[in-house]
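When you line the sequence shown up against numbering that gives the first Met the number 0, it's residues 0 to 288, in that order.
Hint data in this document are derived by calculation from the structure and do not stem from the laboratory. C-beta: ideal position from N, C-alpha, C; glycine also. Among the clues, some could well be false.
Each pair of labels, with its calculated beta carbon distance range [stated by the list, open to error]:
1. Pro139 <-> Ile183: 37 to 45 Å
2. Gln235 <-> Ala262: 30 to 38 Å
3. Glu168 <-> Val133: 43 to 51 Å
4. Ala262 <-> Ala109: 31 to 39 Å
5. Arg147 <-> Gly260: 19 to 27 Å
6. Pro77 <-> Arg277: 19 to 27 Å
7. Pro176 <-> Trp56: 38 to 46 Å
8. Ser52 <-> Gln235: 38 to 46 Å
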Amino acid sequence: MTDERYSRLAAEHLPSDLAERWIALLRPCVRLRRADAGEQVVAVLGGVPELPSGVDWPDWPEVGPLSFIASVRCAALPAAGRAAGVPGDGTLLFFYFDGRGEDAGDDESAFVSVYDPQTWVGARVLYVPEGTPVSPVEPPCGPAPYPRVELAADVEQSAPDLWLPQVREALLGSGDPWPEPREIPVGLRPFRRAFAKLDGRIGHRVGGHAVPIQGPVEYEAASADLGVERPWGEPQLDAEATRWLLLAQFDSDEDAGMEWGDAGTLYWLIRSEDLADRRFDRARLVAQC
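Full structure from sequences and hints, please.
What follows is the structure, given as structure tokens:
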């Protein structure tokens, strides 16, 4: 693994028993970055997708076609960073209704919200098995495709958000919420300060833990599934949050002309059983900015 900053952080700032628990929670991930000349292309932002014959362009009925965001060649993902359950071959295609074709002054503009099931059709993941005949497909109407940006891959460590239940259990010894700052155990304070100072880049990634902007995205997916927003640390919310995994996240990207709100990020999450069954139609989008 090329980047071990989170395990080093634990070794430097936690007692050995807590460091061991923290390191057990880390996951490898594949970070996607703009490919240099001659590098293997693992994924692509923008451009046009290659779809099998007979597969319609994803559409939000009565709203409009979705925009093509990215494609990921699963076989090209480094094995050391590929999450369990992610296919070893085939291609993942990500689509999202970004509202670019709508009237900017329309107060009733459609947008995808994880809390509104009627809008979930505005974000789709398609899986194209290896060997399936495909051809480039232009969008049926609406805005032009985003500029094409080819991406290469690096393997990195990823760390869970400190508010997630498995972290609280590992570091606090219980599922209780984090106490107020002045009441946090003295032995954990240097670790929390150092964690907050680490490079907080969001970036594009496949698998691993999400890098949230406004708190754990797993809590958002879990709250939506439970049908009501619940406070962080509530037992039922914690139990549901542990079922959701990051499939991929795509940051705002100047080269691709992608801006998700105010420098936001799109996160696609999926339950482990749906990932194993390749039920990518059950993936859920969370957008934060």
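Against the structure, the hints come out as follows:
1. In this structure, Pro139 and Ile183 break the distance hint of 37 to 45 Å, their C-beta atoms being roughly 54 Å apart.
2. Distance hint check for Gln235 and Ala262: the Cβ-Cβ separation is about 33 Å, which falls inside the suggested range of 30 to 38 Å.
3. A beta carbon spacing of about 44 Å between Glu168 and Val133 agrees with the range 43 to 51 Å that was offered as a hint.
4. Between Ala262 and Ala109, the C-beta spacing of about 22 Å breaks the proposed range 31 to 39 Å.
5. Between Arg147 and Gly260 the beta carbons are some 23 Å apart, a value that agrees with the proposed interval 19 to 27 Å.
6. Against the hinted window of 19 to 27 Å, the Cβ-Cβ separation of Pro77 and Arg277 comes to about 20 Å, which satisfies the hint.
7. The given range of 38 to 46 Å is respected by Pro176 and Trp56, whose C-beta atoms sit roughly 44 Å from each other.
8. A hinted range of 38 to 46 Å for the beta carbons of Ser52 and Gln235 is consistent with their spacing of about 45 Å.
The structure does not agree with the numbered hints 1, 4 stated previously, though it agrees with the rest.
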